[in-house]
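Undergrad: Protein chains in written order, with the working numbering: chain E, 1 to 164; chain F, 165 to 708.
It is worth saying that the hints were derived from the structure and are not from the lab. Among the hints, a few may not be true.
What the hints assert, rightly or not - From the derived model, a few chain F residues whose C-beta atoms are all more than 10 Å from chain E:
1. Pro232
2. Ser334
3. Gly341
4. Leu453
5. Thr490
What the hints assert, rightly or not - Incomplete in silico selection of chain F near chain E, CB under 8 Å:
6. Ala249
7. Glu300
8. Ala308
9. Leu338
10. Phe607
A quick note: this is a predicted structure, and the numbers were derived from the prediction, not measured. Using N, Cα and C, we set each Cβ at its ideal position, and we do this for glycine too.
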Amino acid sequence: MTGTLDATVGVASVLASGTTAVSALDVLTTRHSYVAFALLLCIGLYMMIANPHLVKKIIGLNLFQTAIFLLFITSAYVEGGAIPIIPEGAAETQTFVSPLPHVIVLTAIVVGVSLTAVGLALCIRIYDEYGTLRTDVLRELLRDEGSLPERPAVGGVDRGETDE
Amino acid sequence: MSDVLLPVAIALPLVAATLPIALGLKYDDIGWSVAAVATTALAVLAAAIGIEVARDGALSHALGTYQPPIGIELVADELSVAVLALVAVVSLATLAFARVAGPRGNSFYSGYLLLVGGLTGLVLTGDLFNMFVFLEIVGISTYALIAADRSGASAYASLKYLVVGTVGASLYLLGVGYAFLATGTLNMLDMQVQIAEQASYADPLIRASYALIVAGLALKIAVFPVHTWQPDAYQRAPDAVTTIVAALVSTASAYALIRVSYTVFTVDFLAANDAITTVMLIVAGVSILAGSALAAMQSDLKRMFAYSSVAQFGMIVAAIALANETALLGGIVHLVGHGLLKFGLFLGVGLLALGYGARELDDLASAARSAPYTAGAIALLGLGLVGIPPSIGFLGKWYIGVGAVEASMGGGGSAGIAIAGVIFISTLFTLSYVARVIERFYFAGVGISGGHGEGDHGDEHVDAGHDGGPDAGVAADGGRESATGDDGPLTPVEEAPRSRFVPDRVPPTPLVILILAALTTMALGFGGYALFEWFDPFLTEVFA
Numbered sequence: 001m002t003g004t005l006d007a008t009v010g011v012a013s014v015l016a017s018g019t020t021a022v023s024a025l026d027v028l029t030t031r032h033s034y035v036a037f038a039l040l041l042c043i044g045l046y047m048m049i050a051n052p053h054l055v056k057k058i059i060g061l062n063l064f065q066t067a068i069f070l071l072f073i074t075s076a077y078v079e080g081g082a083i084p085i086i087p088e089g090a091a092e093t094q095t096f097v098s099p100l101p102h103v104i105v106l107t108a109i110v111v112g113v114s115l116t117a118v119g120l121a122l123c124i125r126i127y128d129e130y131g132t133l134r135t136d137v138l139r140e141l142l143r144d145e146g147s148l149p150e151r152p153a154v155g156g157v158d159r160g161e162t163d164e
Numbered sequence: 165m166s167d168v169l170l171p172v173a174i175a176l177p178l179v180a181a182t183l184p185i186a187l188g189l190k191y192d193d194i195g196w197s198v199a200a201v202a203t204t205a206l207a208v209l210a211a212a213i214g215i216e217v218a219r220d221g222a223l224s225h226a227l228g229t230y231q232p233p234i235g236i237e238l239v240a241d242e243l244s245v246a247v248l249a250l251v252a253v254v255s256l257a258t259l260a261f262a263r264v265a266g267p268r269g270n271s272f273y274s275g276y277l278l279l280v281g282g283l284t285g286l287v288l289t290g291d292l293f294n295m296f297v298f299l300e301i302v303g304i305s306t307y308a309l310i311a312a313d314r315s316g317a318s319a320y321a322s323l324k325y326l327v328v329g330t331v332g333a334s335l336y337l338l339g340v341g342y343a344f345l346a347t348g349t350l351n352m353l354d355m356q357v358q359i360a361e362q363a364s365y366a367d368p369l370i371r372a373s374y375a376l377i378v379a380g381l382a383l384k385i386a387v388f389p390v391h392t393w394q395p396d397a398y399q400r401a402p403d404a405v406t407t408i409v410a411a412l413v414s415t416a417s418a419y420a421l422i423r424v425s426y427t428v429f430t431v432d433f434l435a436a437n438d439a440i441t442t443v444m445l446i447v448a449g450v451s452i453l454a455g456s457a458l459a460a461m462q463s464d465l466k467r468m469f470a471y472s473s474v475a476q477f478g479m480i481v482a483a484i485a486l487a488n489e490t491a492l493l494g495g496i497v498h499l500v501g502h503g504l505l506k507f508g509l510f511l512g513v514g515l516l517a518l519g520y521g522a523r524e525l526d527d528l529a530s531a532a533r534s535a536p537y538t539a540g541a542i543a544l545l546g547l548g549l550v551g552i553p554p555s556i557g558f559l560g561k562w563y564i565g566v567g568a569v570e571a572s573m574g575g576g577g578s579a580g581i582a583i584a585g586v587i588f589i590s591t592l593f594t595l596s597y598v599a600r601v602i603e604r605f606y607f608a609g610v611g612i613s614g615g616h617g618e619g620d621h622g623d624e625h626v627d628a629g630h631d632g633g634p635d636a637g638v639a640a641d642g643g644r645e646s647a648t649g650d651d652g653p654l655t656p657v658e659e660a661p662r663s664r665f666v667p668d669r670v671p672p673t674p675l676v677i678l679i680l681a682a683l684t685t686m687a688l689g690f691g692g693y694a695l696f697e698w699f700d701p702f703l704t705e706v707f708a
């Protein structure tokens, strides 16, 4: 994670190479979209790791992906740039924002939506089967069922009927 | 004109993936036939692409007639053709097993074809963002396939993989984003030029980009500290799915890592950034050791071979980070060889589970007596995994080891020697768990844990099922109609097929494929020089 943060500062400093000194405050005020990107990324990652609820893990995943989309959108922005739609016959002399990252983000959003759909479908099946979505409870249930193997004394214990 | 083969090879399985669902409205069991036709056609296309590449060198195709630096390019060179051939052969061969082992249903085959299409695209693309899209197509279809038997445990394993895999792909995308910020291009070859021109190899943006891509792909490959999704996913998935996923999915991600490291960032970048390669070597070394040690501790066969994959992919990552010609050749050979070996091993394990209901090492006493051909093929493949010479497993490990020593001799510090040592230790571990399997197959049966005499399958032994019970029970959801037998070791399940030619009570077609796979790994081992010749143009281009 520190690598990500360093890299973000790297992005900011490269982009700010026009100005002379970059203080933390400058970064916060002028590069706020990069700061937002880094924050969202970290919040999403933390949510995925620390939250025991499966659906909230998926929400964290979405935050994480959205942060990356934001980075792409920010990178496309050009000061004073117009929307890159050129009417027929118009002169192409204006400054435009770069359309390529927008296309990339559109594609990535589609990918993200399908992932969320698959993830939620799996959540529904897990809930149907075990009646809970909390990982700690789930792990207990799976262990009782014999589906999680990391119990030291595996043999010898009669666990009775284990089918469905 | 022959470059049209590339988009056709990708489009064919993707378009065919819609057919099982569409035709399923009218016909009940159309899925398998559609998949069989599509993968056969893909194999033919792969062969045609291979012939073209062998004759004229790399093929490339500009999609939609937008020319490369702007448009998306598809490229086939020696490396991609080798992995493409693996994808085509394994996906065709697994179908024969899926027909008897399930899961059944048209939607399963749609997912299967999506996976094959994603893998083909991943192997053939020449564009970094396009690679992300295919990485995710592969990912999504894998998550769906792993949960295809509709049990709770497999859904949980699949969801775990989904979260980890998506973080991996997102980190990859983030890395690509950084590189895009620095260079303004997404085409691999163009970016290789632009990194040198617009940025430098010491640029923090470029370094961060590479580090993020490596971290992301490492999650997908399942290298040690982030491997935890893999054993669960492989163990819980239906047998036919494990066979194709273990052989191809991590392999394709490792291919992506080789491609990005050597075609986009180049050897000079790796040489200029010791810190990154050192970290990769350490992670790879730990992965090799931990994977092998954990594999040696398992009693479930699928889990054992899943952990063994962690170790073998550690070696491939090490080969990438060593950045010399011999090691990279070893890495590529091991990539393809390991794919074949794991395909065969999981197929063999799946066949034993199908015919005898045996999934644990303890259930397998005297397997060689009741299923000599299956057991023999598994033993051969296992020895190949250890690295006993006339097998491709030996070649890959040998070249990686030699490359590691060469890197040290060439002034690369002691890291290379350490990697060679780690590979040696891991080989011993591998020998220890493969030897346990072989010992069970050929020598156990007298005085086994149940404490009864010759392990003939006529024994009445009621509580021998207690250790295999829970897992066999869960696995019984994997498409078979009846629960597994609870009698003594290696009693065939009731409806196990009987053959006139072999005593093995397993379906004949997959058995033939298993034996062919075992023989192919041997043949490729003997054809070592041909492999070297084949990859030579790629290696000279990379190390020019």
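Undergrad: Now tell me if each hint is right for this structure.
TA: Verification of the hints:
1. Pro232: Consistent with the label, F:Pro232 stays out of reach of chain E, its closest Cβ about 14 Å off (over 10 Å).
2. Ser334: violated (6 Å)
3. Gly341: Its Cβ does come within 10 Å of chain E, the nearest being 5 Å, so this is violated.
4. Leu453: holds (19 Å)
5. Thr490: holds (30 Å)
6. Ala249: Violated, about 28 Å.
7. Glu300: holds (5 Å)
8. Ala308: holds (6 Å)
9. Leu338: At 5 Å from the nearest chain E Cβ, F:Leu338 passes the 8 Å test, so the hint holds.
10. Phe607: violated (21 Å)
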